[in-house]
Each structure stands twice: as C-alpha cells, then as structure tokens.
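Those sequence lines, one after another, are chains A, B, C, D, E, F and G. Per the numbering used here, residue 1 is the first one in the first sequence, and the count goes up by one each step. Per the numbering used here, residue 1 is the first one in the second sequence, and the count goes up by one each step. Per the numbering used here, residue 1 is the first one in the third sequence, and the count goes up by one each step. Per the numbering used here, residue 1 is the first one in the fourth sequence, and the count goes up by one each step. Per the numbering used here, residue 1 is the first one in the fifth sequence, and the count goes up by one each step. Per the numbering used here, residue 1 is the first one in the sixth sequence, and the count goes up by one each step. Per the numbering used here, residue 1 is the first one in the seventh sequence, and the count goes up by one each step.
In case anyone wonders, no lab produced these hints; they're calculated from the structure. The structure presented is a predicted model; accordingly, all values stated were derived computationally and were not measured. From the three backbone atoms N, C-alpha and C, an ideal C-beta is built for every residue, glycine too. Hints are supplied without guarantee of correctness; some may be wrong.
[Said to hold, decoys possible] Straight-line C-alpha distance at most 20 Å; calculated EDC-like pairs for lysine to aspartate or glutamate:
#1 K54/D <-> D206/C
#2 K91/B <-> E40/G
#3 K90/G <-> E131/F
#4 K151/C <-> E171/B
#5 K27/A <-> E358/D
#6 K20/D <-> E181/D
#7 K216/B <-> D163/C
#8 K212/D <-> E252/D
#9 K319/A <-> E410/D
#10 K27/A <-> E365/D
#11 K9/E <-> E395/D
#12 K151/C <-> E110/D
#13 K121/G <-> E171/B
#14 K56/D <-> E110/D
#15 K319/A <-> E398/D
#16 K55/D <-> D206/C
#17 K43/G <-> D96/B
#18 K203/B <-> D156/C
#19 K281/D <-> E111/D
#20 K91/B <-> E111/G
#21 K11/A <-> D119/C
#22 K43/G <-> D70/G
[Claimed, not checked] DEER-style ranges, computed between Cβ atoms:
#23 E158/F <-> A72/A: 24 to 32 Å
#24 D194/C <-> Q439/D: 36 to 44 Å
#25 E233/C <-> D261/D: 46 to 54 Å
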Amino acid sequence: MNTITANPSYKLELAASPHVHSRWSTKQAMWLVLAAILPMVISAVVFFGLYQLLIIIVSVGFCVGTEAAVKAVRKRKISIGDGSAVITGLLLALILPPNFSLSSTAIGAIVSIGIGKEIFGGLGYNIFNPALVGRAFLQAAFPVPMTTWSQPNYAVDSISSATPLSAIKFDKVSTELSNLFLGNVGGSLGETSAIAVLLGGIFLIVIGVVNWRVPVSMTLGVIIFGGIFWLLDPAIYPNPLFHIFAGGFLVGALFMATDWVTSPLYGKGMWIFGAGIALVLVLIRLFGGLPEGVMYSILFMNAFVPLINRYTKPRIFGKEK
Amino acid sequence: MKSKLGFVKEYTKGLWENNPVFKQVLGMCPTLAVTVSAINGIAMALATTFVLVFSSIIISSVRKLIPSQVRIASYILIIATFVTIVDLVMKAQFPDLSKSLGPYIPLIVVNCLILGRQEAFSSKNGVLRSALDALGMGTGFLIALFMLGGIREILGSRTLLGFQIMPDFYEPWLVMILPAGAFLTLGLMMAYFNSIAINMKKKETDKIIEQYKKSKAAKTIEAGA
Amino acid sequence: METTIIIAILTMGGLGFIFAGGLAFADKKLRVEENPLIAKVNDVLPGANCGACGRAGCYDFAVNVVEGTIGVNGCPVGGDETAREIAEILGVEAGSTTKMVPRILCRGGSSEAVTKMADYFGPLSCAAMDLVAGGDKLCYYGCLGGGDCVKACPFDAMIMNDDNIPEVIEELCTGCGICVSACPRDIIEMHPIDRQVFVFCKNLDDPKRAKEVCSVACIGCGICARKSDGGIEMVDNLAVINYDLLDESKIPFDKCRTHAIGYLNGREKHLEEVEAEEGN
Amino acid sequence: MSFLNKIKTFQGGVHPEEYKELTENLPFEIMPDPKRVIVPLSQHIGAPASVKVKKKDEVKKGQLLADQEGFISSPIYSPVSGKVVDVHLEPTASGFPQNSIVIDSIESEEEIRFEQLDPKTITAEEIRERVRLAGIVGQGGAAFPTYVKLTPPADKNIDCVILNGCECEPYLTRDYRFMLERSEDLITGLKLIMKALGVSKGAIGIEDNKPKAIEKLTKLCMNEENISVVSLKTKYPQGAEKMLIKAVLNREVPPGKLPLDVGVVIQNIGTALAINDAVCKGEPQITAALTVSGFGIKQPKNLIVKVGTPLSDVLDYCGGVKDNAAKVVVGGPMMGVAQYDFSAPVMKATSGILILTESEINAHEETPCLRCGKCIEVCPLNLTPTKLARYSQLEKLEEAEQLGITVCMECGTCAFVCPANIPLVQWIRLGKKRVLQIQRERKAS
Amino acid sequence: MQKETIIEKGIVISASGGRAKIMLDESGKCEECSAKLFCKPAGSKDAKILEVEDSLGVNTGDSVNIEIIGSDILKASVMLYGVPMIILILGILFGMSIFSGSSLKELCAFLFASGLTIVYAGILLVFNKIKPLKQNLPKIITVTKTVNDFPALGVF
Amino acid sequence: MELILIFFSAAIVNNFVLAYFLGICPFIGVSNKISSAFSMGLATTFVMVVAAIVTWLIYHMILVPFNLDFLQYVSFILVIASLVQFVEMFVKKVSQPLYRALGIFLPLITTNCAILGLALFIVLREYNFIEGIFYGVGAGVGFTLAITIMAGIREELELADIPKPLQGAPITLIVAGILALAFMGFSGLISV
Amino acid sequence: MKLVIKMLVTLTIVGVISGALLSEISGWAEPKIEAHRKAETEKAIFEVQPSAESYEVVDGIDFECYKVFDKNKEKTGYALTYSGSGFQGKIRLMIGMDNSLEKVLGLKVLEQVETPGLGTKITEDDFTNQFKGLSAVPGIDWVKGASPSKPNEIQAITGATISSKAVVSIMNDGIEKLRAVDGGKK
Ligand SMILES: Cc1cc2nc3c(=O)[nH]c(=O)nc-3n(C[C@H](O)[C@H](O)[C@H](O)COP(=O)(O)O)c2cc1C
Ligand SMILES: Cc1cc2nc3c(=O)[nH]c(=O)nc-3n(C[C@H](O)[C@H](O)[C@H](O)COP(=O)(O)O)c2cc1C
Ligand SMILES: Cc1cc2nc3c(=O)[nH]c(=O)nc-3n(C[C@H](O)[C@H](O)[C@H](O)COP(=O)(O)O)c2cc1C
Ligand SMILES: Cc1cc2nc3c(=O)[nH]c(=O)nc-3n(C[C@H](O)[C@H](O)[C@H](O)CO)c2cc1C
Ligand code: SF4
Ligand code: SF4
Ligand code: SF4
Ligand code: SF4
Ligand code: FES
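One chain only, chain A, in its complex shape (with noise of 0.2 Å):
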C-alpha cells in the first residue's frame, strides 16, 4: 500500500467544500463601516469642537472593554478584532448630543454592549441593535441632558438651542433645508451634517456592504407617510424633504437600520422594515410627545424582524406557490 507513507514535507489542509473563498469577511465589512463612519467623526468634531473627541473616545473604550470583559468572564475568545464594538462605539457616541456628559457616555456604552449585544450571546446574535439600545436607555435615564442640545459652532442664528424638529415642534419654527444640508443645525453629534452622512452611507452601498433595499424603502415610505400629512396641511406638517434631512434620519436609514444583525434576512423583509420604520417615525414625529423618532422606530421595527423574517422567506426554487 503506497498509501500511508505520508509525505512529510506537506502538512495538507483538510476541510469541506468550497476550497476557497469570497473577499468578503467580517472584519473587513466591519472596518469598511468604520471608514465610511470617518467622515461624520470629522464634522462633529469640526461642528462641536473637540471635546466630542473625548466622548467618542470613552463611549469606544467602553464598548470595547464591556466586550472583552463579557468575554473573559464567559471564557470565550476575545472577539474585539472584529470591529463591531468599535462600532457600536462610534454610533453610539455620535447619535448623542455635544457636549454629553462622560460618565453618562460611559453608561450608555456599557448598557450598548452589555445588554443590547452580550447578553444575547454577542455578535451576530443580538434581537436589537446594540447602539440604539445604549440610547434609549440614556434617553429614559436622563432625558433632560439628552435632550439638550448645543448649536455647532458655525451656526448662522444661534438664538434658538432647540433641534430644528425640536424647534418645528415645539416652537413651530422651521429651519433651511440648506442649512440642514450643510450641518448649521443643533442635534447630535453625527446627524447634523448630512454631508458627510451621505458620503459615507451611499460609499457603503456602492460597495455593497449595505443592502440598498432598507435606506431606499425608509426613503420612500418617509415621502409617502410624510407627504400625505404635508397634503393635508402644508402649514402644520413639514414637507417630506425636511423629514429626509433633519434629525437622525439619514444615520438612522444608512447606518443603523441596515446592521446586518437586526435588519431582515430576505429582500421582501427589507421592504416591509424600511416601510415600517418610515410609518413609526412619522407618527412619532407629527403626532408623539418626543421630537425625534428614530431611534425608537427602528428599535420597535428591530422587534419585528424574526416575524418578518418568517413571513417572507422566499419561495424555493422549483416549489410551487
């Protein structure tokens, strides 16, 4: 038998089919976000001066600690090469307002993390999404500080502190949508220049690390929902545009409603969530007690998800209806 005389000088490699592989892995996804998050950094730091660097830093920290200490407790591999708490860390960080109070940063990181990932199992396995999760529990638990906002330091009228849905809210005053465009708005540290939001978000789904279904059918619904009330009653209601670019919505639709983790698995799905969210948001905004409605519709949609996944699952090829 010529067989076992193994040859020594090879140590072949043994596994199954496929043989090779996709560029595609998750660190590489998860730094690609990272860089397409890079520009948002840089105007909120622009925006709000460098002090939001500090909390970005410590809600980072956080995040990335609370992951390596779950995991040595629980004695599995430290898993923070990924990048994913890095993440988490970022969005959490910038959908929070300038000049946020550290300690509370360093909470919200911990609950970001702790219980919106790790207590689920951690990566890949969590119901919501982790960064949302860290805010909302920061918005029950201080709502006076998270809802206070400091003006960007360019800003062209700096009388009213108040978030320009805030203001058309509560005020009934409205704000340029050019200025919204450009950031010369109160908000958080990341939502306020859709600029660099948009940069980052459509490089992502040019190279497809985003799904395009989820941002385009939020979209859509936003101009639908928003645009019937608009109809309505031009005078009270905002226009659809002004849904599109004031408040987290653009963060919101590219970077957070299309975590992979807690965004639907089918296409079908994708359209139901974006939609859902859509008509959540707009309802929370016209007619809800709180002015920005983001973070919660996607959370709730975020709910949603294994039920939407099950109704949607596409029909196998070959398999009658």
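Given the coordinates of chain A, assemble chains B, C, D, E, F and G with the ligands onto it according to the supplied hints.
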C-alpha cells in the same frame, strides 16, 4: 415519600431555595409594577403575605370539607375576600400607601403565588405547616421585592426608604423607575442568582471529576510501581 | 346597612351557587380520577424526565409503577435508593437493579492512532468531521476525538482525557444512553457496570492496514477467538465478545499483541494478572 | 436566434475568481500509463460493480474487470495491461476507502475494443446498449451511469437534450479544451444522445467567458437546424442542471424532481465525447480527461490519463508540487473533495486536480453568523443557508427539513460568500444526511 | 406564508391502528411558566396526552416528535375566538343603537349580542366537522429513540 | 374618534404588558412558539372583551345600584373564572386539536391579572359601556402584539448562544425591558 | 348527584360568608375612606386659597367647584377642580381663583400619571408657586428656557414642556368654563 421537613425548614425554604420570585418566577406582575421604591415593595409584600397566611390557614383547616372540583373556585373566593379586606383596611388606615400601590392591591387576587401555594401546599398540609410555609414564602417575596425595590430606588432616585444614600453628583437614572428598568433589573437579578446556582452545581461536578482524575492517576502510579 | 349585608350575601351566595353549578356540569364532562399513590411516587422520583425508563417522563413512570406495569426498580436514574422508597410507598419488595453504563470501545487516542498528513479544518464535532474524509486519524472506525458524546451528556458525566478519548465518570452517569446515540462511529455501548472485559476497538481493516493505522487496534489475528470456545467470534476482521458464552479465564490476554482485548481498568491490571499467573 | 441577444441566466449565484488562464490555452497531453493502477469498484452513483478477476490474473487493456451490478451501476474495464495484485480496500478521492482492484501494469500494445459502429445508421437501442457496455458515467461530477439517463421511463416525455458546456467551476478547462479540440465529435455525440432519446431538439449551453468555444460551435451548428448554441452569463453554478435548464429553457425543476420530469436530459461535454468514442471508436471508458491546475503545481496541464492512476503519479508528471501548496482538491474548488495525501486514484468522472495555496483559499477567521443575508441572496435555489446550517448544528432536524434542507445541492455558493466564513455546506451536508436518514426510516415503516 | 408547524416532543403511551396516544414532554416549557403549580387543566395528566396520527408504527415507550400544523391552530383559534368576539362587539354596537332609548340599553344590547353569539356557537356545534377544527390531527414525524435501542437495565 | 384613541392607547401607547405589567405570567410562559402565542393572544382578547362586557354590567347593574362597591374584586374574579371555565369546555367540545394545543394554557387566563386588571381599570376610568369594550379589545390586541413579538424573538433566540444563567425567564424579561424602551417612543402619542 | 349538591353548598356557603364578612368590614371602613377623601379635598382647597376658612359646593354645574370664604365669611373666590390630558394621561388640578376670576391664587395637582422625575415636576412647589398671583387675562401663557416677562406667563419645566403646557391649557379651559357659568349666574 421524602421525609417530612422540620418546621424551621418549612419556613426557611421559601427564603432562598424556593424563593417565589427568583426561583419559581411567580407573581411577576406586582413584583415588577410596584417596586419603584423599597417601601412600596415592602408594603406590597406585606399585603401579599397577609393574604397568603390567612388564606393558607383557612384553606388548610377546611381543606377536607371542600370537594376537589370546586377547590380552585373556593380558593379564589377566599383569597379575593382577604384581598378586599386588605384593600379596605389600607384605604382606611394608610390612604397614601394605598394610592401609590394603585390598582395592584386587587391584583393580589390573581397573584399566582397565592393560588399556587394553596394548591400545592395548603390543600395537602395541616394548619401549622401551611402557615409556616405561607409565612416563609411571604418572607421570600418580601426579600425579593425589597431587593428589587431597593435597587430601583437607589439607582432611580438616589434614595433608599426615602433617605438619600447616593451622593449629590450622582445623576439618578430615571429609567430604573420606568417599566423598562423594572424588566431589566429583575432579568439581571434572576440571571445573577441563576449563575450562583449554576456555579454551585458546577463546583460539585468538578469535585467529582477531580476525584475521579486523582484516583485514576493513583491507579496508574500503582500499576507502574 | 342591614339591607346591604343581605344583598351582599344574596349576591355572593348566588354567584357562588351559579359558579358551582357550572363547575358541577363541567366536572361531569371532564372527570379524571387520580390514585393518590401516584402523586406520592411521583414525589420521590428524580424528576429529570429523561425517559430512560422508557416511559413518558417521571409522572408517567409513577402511573405505571402504581398500576404495576413496570417494576419499582425501573428508574435507572434514581437507582436503588429510589427503588427502595417506591417500594416503601407501595409496600412491596425492592429487588436490585444493575446499572448500565456506557463503555468507550476505542483506545486509539492521539498517542496511539496514526494521523493523516493533513490537518482537519472545520467545526470540532465528530459528526461534521466524519463527513470530511473522516477526520484527522487514518483509522476510519475509531474515535474522532471531537467530543460529541461529551457535549451530548446532560449530566456532565463525560470528559475528554489527555489522550483525546472520552471517559465516563460513573458516579455522575445516570445510564441514560444519550452519548450512545451521539457518537457517529458507534464506539459507545451500554454495558452492565460490573462487566470488565471488552474489545476496545471497532476497526474492520485487514491486519496489515489495521497495524499501520493504530498501535492498539484489533488486527483481526483471531488468536483470542480460537482459544475462547465461542466466547469470542471474529466478524469482519474484528473480535466480538459474546458475553453469554464468555469464560474470562480462557482469554489469552497476553497473546493479544495490541492489547485490544483487555480489562476495563487498563492494561495495568491485565499485566498484573499475567505476572501473577506466571508466578504460579 | 433571438434568445442570444439577452444574456440568459438564473437568479443568485456568484462569480469567483476564475484562474482559467492557467490552463485554458494548453492542449490536452496524454499521460503515459502508470506503473500501478488502483481501480475502485464504485466509480459511479449506484451499486458497486462486481469483480470478475482474481488476484494474480493477467489482464489486458480494455478487458472487463468488474461487471454492472443492478440497474443503476456500471461495468469497469482495465485501463492498462498487467497483473492483478490484489482486490482490497483502498483510499479514494472521496476520502473513504473502497474495494479496489490493484493492477501492476506491463508494457503491451494489446488492447481490447468493441466493434466500431456507424453513427449514421445506428439505432437508439444500439446506442443505449453500447453506452451501457462501455461503462460510461456522467462526466459532470456526479458520475451517474449515463445509459440510465438515456433510458427514461416511458411516461416521461423528453423533448430536449442540453449539453452542459458551462464549466462554471473556476480553474477547470477540460470541457473548454474538448469544445475547441473535438468540436465535430462533440456534435456527433450530441446527435447520438438525441437519437437515443428520440428527441429533435438539442442545445449546448456555454458560459460567455468562453467566446472561442461559442464561436466555433455556433459556426459548426450553422446548418444543424435543431441544435442551437446558447451563450449564458458567466456565473457559478450556471452548470448545475437546475440552473442550466432555467437559463436555457426557462423551466424550473421542482425540489426532489429530476430534469426528465420537465422533459430535459442534460449531459456533460465529456460525456457526449465518451459516447462518441464508444460508438465510433469502440472504446470503453478507461481514460479520464482532467485539468491539473492551481498555483501550487509546477506545470499546470490539461491531461488525459488512465483511470486508476494515483494522484502522486499525475502530480509528478506535472513537475511536482510547490512548497507553498496548502490543499489538494480533486474536482473543482467549489464542489471538489480535499485530499489528505496523494494516494487516491483518478476515477472515471474526475475532472480536475487542484493544488491550492493559502492565498487562493482565502480563508478567514470564523465568526458567528451576522445575518448579512448574502448567502440567501446568492443561493440559486432560494434557500436560507444560514438557518439550515444553524438548525443542523443544533440538531433541530425537523425545522431544517421544513426549511428545505434536502433541496440543497451543496453547490457551495453560500459558503463561498459568507463573510463569517461559516462552513455552511458542511453543516448542511450533515443535516441533510440526518434528515434523509429520518425520511428513509419514515418511508420504511 | 409557508406551512408553519409546531413540533412537540413526547413519549408514546399507547399505539394502535394508525392512532397513538402521546404524552407530551412539557417539562421544559412548564419550567418557566408561573402557573406550573396548579396548571392541571381539567384534571392533571389528561391534558398532556395527545391523540395523534401515527404513520410510522411506533411502540409504547418510544420518544417521538410530533408535528402540529401551526396554521390550522391559528385558523381554529380565529374561528373559536376571533369570530365570536367580532359578533359580540358588532352585536352590542347594533343593539345599543336599537335600544338606545331604554334605560337598560346596555343589558339589552348584551343579551342581544349574546344571543347572536350563542347562535354562532350552536352552528359550530352542529356542523362540527369543520376542517381546521377537527381534521389534521397532529402527526408523528420522527422517532427519536425507541425503547429497544439499548436496555437501560441489565437483565440479571 | 375617541373610541379609536382608546383602542390605540390600550394597544400600543400604554401597552398592558410593557407599560402596566399586567399578564406577565403568560407573557413569559406561553411565548415560545408564534402560533401558540398568537392563539393565546386571541383567546385572551376574547376573554378580555367578554370580561369587559360582563363586569361592566355587573358593576353598573348590581354593585352600584345596591351600593356594593366592596364586592368588586370578589364578584369580578368569580365571573371571570367561570367564564374561562365555560370557554374551556366549549373549546374542548368543538375543537380537540385546538384544545390540545391551547388547553394547557387556558387556566393561565383565569389567573392572568390582565383580565382582572382590565375590569378594574374600566371601573377606575369611568368608561361607558362601549368605551369599555373598545378598551378591552385594545388591551387584548396589545397583549397579542406583545406576546407574538416576544414569541418571534424567542424562536430566533433558540438559535443564539445565550449565556446559561440568562436562559429562560431572565432573557425574556430583558427582551421585554428593551421592548418597553422601544415602546416608550410612543409615549405622549395619545394621552387618554 | 350528592357530589353536585355538596359542590353547590360549599361554594354558596363560601360566597355567603365572604359577602357577610365584607359588608361588615366595609361598613367599618367606608366612613373612614370617605373622611379621607373629604379631608384631602379640603386640604387642597385651603392650599390654593391661602386665606380660606370655609367653603361650599357650587351646585348645578357639570364640574366640581367650590365657593371659598375667609374667616369673615367673605367670599374670597373659587376653587375648582378640572382635568385634561397631560403627557401620558389624565392630569387633575385644583385651581384657586379670586372673585373676579382674573387672578390665580394657587394651584395644586391632584392627580397625574406623568413620567416620574420629569413630568412629575409639575407637582413640585417650584412649579406651582409660579401660579400664585398670576394674572389670568387674557389667558395663562408659558415660555420656555427664559424667565417670564409678562404677568400672565410662567416658565415651562425643561424636559417637561408638554406637561407644563398641559397644565396651562387645562387651567385656561377650566377658568374659561367657570367664567361662563359665573357670568351666567351673576
Ligand atoms: C437516484 C437517482 C435517479 C436518477 N434517475 C435518473 C433518470 O431516471 N433519468 C435521468 O435522466 N437522470 C436520472 N438521474 C440523474 C440526475 O438527473 C443527475 O443528472 C445526476 O444525478 C447527475 O447530477 P449532477 O447535476 O450532480 O451532475 C438520477 C439521479 C439519481 C441520484
Ligand atoms: C453546483 C453544480 C455545478 C455544476 N457545474 C457543472 C458544470 O460546470 N459543468 C457540467 O458539465 N456539469 C456541472 N454540474 C453537473 C450538472 O448538474 C449535471 O449533472 C451534468 O451536467 C449532467 O451531465 P452528466 O450526466 O453527463 O454528468 C454541476 C452540478 C452542480 C450541482
Ligand atoms: C422617558 C421620557 C419621559 C418623558 N416624560 C415626559 C413628561 O412626563 N412630560 C413631558 O412634558 N415630557 C416628557 N418627555 C418628553 C421629552 O422630554 C420632550 O422632549 C420634552 O417635553 C420637550 O423638550 P424640551 O422641554 O426640552 O423642549 C419624556 C421623554 C422621555 C424620553
Ligand atoms: C452595515 C453595518 C451597520 C452596522 N450598524 C450598527 C449599528 O447601527 N449599531 C451598532 O451597534 N452596531 C452596528 N454595526 C456593528 C455590528 O453589526 C453590530 O454591533 C451587531 O449588532 C453586533 O451583533 C453595524 C455593522 C454593519 C456591517
Ligand atoms: S450521556 Fe452521560 S449520563 Fe447518559 S449514559 Fe452517557 S455518560 Fe451516562
Ligand atoms: S462521539 Fe464518538 S467519535 Fe466522537 S469523541 Fe465521542 S466516542 Fe469519539
Ligand atoms: S450549497 Fe445549498 S444552500 Fe448553499 S447556495 Fe448551494 S444550494 Fe443554496
Ligand atoms: S452569509 Fe454567512 S454571515 Fe451572512 S447570513 Fe449567511 S451565514 Fe450568516
Ligand atoms: S401575576 Fe400577572 S399574570 Fe401572573
């Protein structure tokens, strides 16, 4: 039949081993709803204990007279009667407390803990035993509600039983006194107690495994020698 | 006030009456009698609901015991003690049980079995490994070392030893047999706890290859079969023990080159015995 | 030919790096007979053939070694002249040992062949008989005895034969070389298949990354009315029969059904040529054409070798293996089988030997599933691989069954794209095996 | 919407003629349920026994998995709860408008609506061969362990 | 309009389970499978509506006229318990499979404080007959929504790698907590 | 049959005993509860009408309102309870008004279900004291983030603008209603 527990044990088992909240997951609604502060938790637990003890006593003393088919119905009636009594007394004597416990006092009627104990214990045991069991479960409930209420109060309003115990610079976490905080706190507490139990079990297993390994090593050495 | 009391009494009495009527009606329709002994027996059972007794969980076992369709010693998990307690409740003799425990019939750990010139990459699970050219080892019949059995045991009664072969800790094992079905190579078998002699190999290769793939394989030489008067048979190059006919003293342990056949507690005991015999 | 305008394809799929340039311009070389051949008895789907020779027997090239055993089975002929050394278990490329006939070859010109038949006058019955006798099995990978496919049950109405010239697996160029080098024989082969089945419509499906082959065959088929050459989008797994039928005829083969249920028979290019050779040259199937490629082999080649040649001989013939070789695969990189040494023999349906290096394998660290949905997007059968794999891993077999685990054809597309690098196919295969086992038991009782 | 099923584990307690009685293994589920202490609907063990279709020929003691078509359960519960509820509500709304003059209009509306609901219940009782309610019995789909796989006890 | 607001308020904004902590036991106990959760939700909704109707009548037709306010709890619970018993019997008679699938959970409805809570809330908020019914439907739909979402999530979590101490009730509670956070977005949407 | 009778009897007896017991206890508790309720209202009235000594109910209107007198039996104004929607649910207020119904004398929040720690700030003195002596013509108004500049303005609570607004609008409604009644009576 397992040998009868001692009277002391009958009481203490409800404190930890069979804690109605953490171990048996009973009576969740009042547990979550009223524990915005420690004092509320205590009041609720006391009210529940009162109902639990008295209905246990009544039920265990008349248990032989009630046909099993109307057992649960009679129990519910008896419990509801006691709950109404508690409610009326509270409203008359402690109007403030009664207000803050809100509509959760009447819900003691449907608290699974009470009905559960009657069905599982009082209907099968004598008066003294039942009373002890009820008292034990009530105490367990009290402990759980006090802990939960205490944690929520400390974090959510800086105080414990009305006294400020967190420093001024501590910003209270409002969320703790909201529904979400109740769910999260109870979930985490349960997980914590579970992990203690699991660790204890694991230690036992590990000990046996350790012994096994040692004895095997000894055997090998013997054989080698 | 007087009237209030009367109305209250009438209302409650009336409601109670109606309700009782309803229940009486319901009771007629869905009535089930229960023997009080059942509950008592159920109380002493371990409550693992493992099904090792072949009944639908502990409660059903209790029902069966009380009805006499299964012996009081029918619960392998509870063992003798439970049997005694049940017997006490029912007022019968307990009798004794023989515990069954799993035996791992492969000793080709990493130091004995020859490995392939390739490293397996993929999930560490015996069943999954088996699909990819049968894992790291050259032997197609031996333990894959992935520990599926260890993971499957609900009682943590198995560990992987230093040689990457599972071992059973009898103290923790309940004899449920779950590990048996977990093993894709059918290496684990349930045996009475006092059984000592086994053929620790499942290799069906011809002698030449068997020798090449593992230093403790049964190479199918057939010496043991020839000497043991039917206690051992050769089936497809493998010695198989027929315990009904086995006479332990006839087995030529020392003639088995690879020690594939031997005592449970290792080759040590077997060697001791050989020495003792030689001393005689 | 209007349908040429729109690129035909199916939904899903991927386009891995092709690396066909390594061998696509190298004509076939014929490798000399090896010193020793190992001929497994089961080189096809179905029952192993039954041995007709004994140890120490002298055999001639083309002599029957083992005969067909049952309907779905195939006879095996000696690839060389020589002496039977032994019949015993030997490792094979599948990773598991099989009973094999080991023959030491001797130099000899002697060869046994069938009588040559004229493709013009031959009857359908004769074609089927010759295909069966010659031991032809499908060259597309599954090694299904071809005569079975040519003998459809009477109640099935076959109306089209498709030749599968997709060769969608990366690296492999065997079918491509065949299409260029033996175009005429190929058409003859196709006509023989059509005749055997009594079908008037034939098509050759070729991916559009092989323009030369498309051009050459289109030219040849100019005046063949009922044969068309269909250009298909280059996308893996275009060559899978369900996908090919969808692309060419826009018919869908339902789960658990065969192509013949929708009136189609699909044959590989190599199979058509083997049929041609068996009929026109009287050759039994004793050679295999294969591509030896990858960045770990010194001289990539397209080869024609004798069935039973050990891989080590083939690799030596190609200059040997480089030091950075990490994986040896028999078959294509997407569906082939990894080897743990070089001892397995080439079989009738072996289509390639790949020596891959780390950089081609491009394996990343495994992480939990991110539910990115990429595997779902690319699965040509619209399955949900991530859940199938997870169900299988957690042994939730009923759930897996409901999600259609048995439909999966193990094409590997999902595992290829998965960013979490989960061995999806391995888990699915395991689950599938267990579910099929359950289903069999269910049927049995 | 694809076929939705519930899969339950259980052990066969008797089997004959294509039907089998299965005792459901509820231990896991009940573990978490707060009502476990007194959850013995209509007489303890009875409710945990399920009569199912048996196409596999199981034996007493086998562990089996049972499939219940979830969508049938949904249909049945809609027919038994959803429809009567709607009848009740519509009946009351209608009744309230009819008896709007009466001082006991609520009671009248309630009695009216109850009447309608009872009629519906009667219909269900009379035509009680309605498919999702009666047919599609749960079915055994897998035998996970047979009694004879390995004797748990030595026979000595 | 008022009725619709009452409905939405009970169903979403002030969800019985997530904001009022009523009916937590079945919420934790019966949320493993979507179809049983949904059916359970439907059954509860039905019982809620009937209970709303009957207890309203009892309260306004007997207790108030005779000044028997203090018999509220006792009479309500009796009525609810007998109702459930009756429903159980009927279901058993009409649909065996459904009874098998749900029967185990039916008693849970009796001891489910959401039903009694509903009856008491209706009294407390001084709803009229029709409002009471709509409140009941809303509460039932809200319960169904919460329990179905939870069932969906729990089916998904079966595939997750949840730390052992968290499995079962704890993770359910934590998910409920996050859900409650998400539902807070609706706060202030309707204040009825 | 015997069993059925036994069942009927048992449950009826339990019901009867329960009914009797409860009506006894209720007979004891009810007056006390009533007293508490009255004391509470009284306390609230005196709180919003600092100089009040006695009061009487205004009859014939569809909301609760009291005429309030000082120790000289002079009418000092009105105390009215009025309710409306807040951020999460009903808010019920006790509003003290002077005779002319142009000045607010005091405010007490009787019932509310606002978010603890946020909306509940409307019950705190910092907020309610703003209303003492506030002008109610043309109506009460609120400002945000700045000190009030007009005599009829109060400052809304940061983070609870909605609750503050709700209080103001409930008051405006109530006062409006009272004016309509009062005007008619005069
Ligand atoms: C059990 C079985 C029976 C088959 N029967 C037929 C048949 O009757 N006719 C036919 O044309 N193909 C038949 N096939 C062949 C398949 O259609 C298919 O061509 C073959 O399995 C090769 O598949 P491939 O796509 O993996 O290469 C059969 C395959 C199997 C596995
Ligand atoms: C994923 C997948 C990819 C395949 N790719 C090819 C291919 O590229 N070329 C080919 O001839 N057959 C391919 N096959 C096999 C075909 O499906 C089909 O079985 C074969 O063409 C039938 O012809 P045969 O019986 O002559 O082998 C593939 C099968 C699968 C499952
Ligand atoms: C958990 C939470 C509770 C809230 N509770 C109240 C409340 O009780 N009353 C209120 O007016 N607003 C409440 N809000 C609404 C916000 O604080 C709202 O943004 C605020 O009323 C308007 O902002 P501003 O007062 O800073 O302009 C709550 C918000 C959250 C997140
Ligand atoms: C496209 C994309 C979007 C992501 N968005 C978020 C996000 O919004 N919030 C977050 O915490 N993590 C986000 N992540 C990181 C990671 O997926 C997330 O933490 C998982 O939910 C962890 O299991 C994102 C990752 C990707 C690839
Ligand atoms: S699974 Fe564990 S307990 Fe059961 S037989 Fe095997 S070792 Fe023993
Ligand atoms: S399951 Fe079998 S092969 Fe795997 S480790 Fe256990 S004994 Fe070895
Ligand atoms: S291997 Fe199966 S599941 Fe994966 S893509 Fe191919 S057919 Fe789909
Ligand atoms: S491609 Fe991989 S990571 Fe993405 S959903 Fe599929 S299995 Fe999960
Ligand atoms: S205590 Fe509320 S449902 Fe059990």
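Structure-based check of each hint:
1. K54/D <-> D206/C: Distance ~18 Å between K54/D and D206/C Cα, so the pair holds.
2. K91/B <-> E40/G: 13 Å, holds
3. K90/G <-> E131/F: Judged against 20 Å, a Cα distance of about 16 Å means the pair holds.
4. K151/C <-> E171/B: 47 Å, violated
5. K27/A <-> E358/D: 18 Å, holds
6. K20/D <-> E181/D: Since the Cα atoms of K20/D and E181/D sit roughly 17 Å apart, the hinted pair holds (cutoff 20 Å).
7. K216/B <-> D163/C: 14 Å, holds
8. K212/D <-> E252/D: 29 Å, violated
9. K319/A <-> E410/D: Status holds; Cα separation ~18 Å.
10. K27/A <-> E365/D: Holds, at roughly 9 Å.
11. K9/E <-> E395/D: 14 Å, holds
12. K151/C <-> E110/D: 59 Å, violated
13. K121/G <-> E171/B: Measuring from Cα to Cα gives roughly 16 Å; hence the hint holds.
14. K56/D <-> E110/D: Measuring from Cα to Cα gives roughly 18 Å; hence the hint holds.
15. K319/A <-> E398/D: Since the Cα atoms of K319/A and E398/D sit roughly 19 Å apart, the hinted pair holds (cutoff 20 Å).
16. K55/D <-> D206/C: Measuring from Cα to Cα gives roughly 16 Å; hence the hint holds.
17. K43/G <-> D96/B: With a Cα-Cα distance of about 14 Å, the restraint between K43/G and D96/B holds, given a limit of 20 Å.
18. K203/B <-> D156/C: It holds: about 12 Å lies between the C-alpha atoms, which stays within 20 Å.
19. K281/D <-> E111/D: Given pair K281/D, E111/D holds - Cα atoms ~13 Å apart, limit 20 Å.
20. K91/B <-> E111/G: 17 Å, holds
21. K11/A <-> D119/C: With Cα atoms ~7 Å apart, K11/A and D119/C stay inside 20 Å; holds.
22. K43/G <-> D70/G: Within the cut-off at roughly 15 Å; holds.
23. E158/F <-> A72/A: 24 to 32 Å: Holds, since E158/F and A72/A (Cβ atoms, about 26 Å apart) stay within the stated range.
24. D194/C <-> Q439/D: 36 to 44 Å: 41 Å, holds
25. E233/C <-> D261/D: 46 to 54 Å: Check passed, 48 Å falls within 46 to 54 Å.
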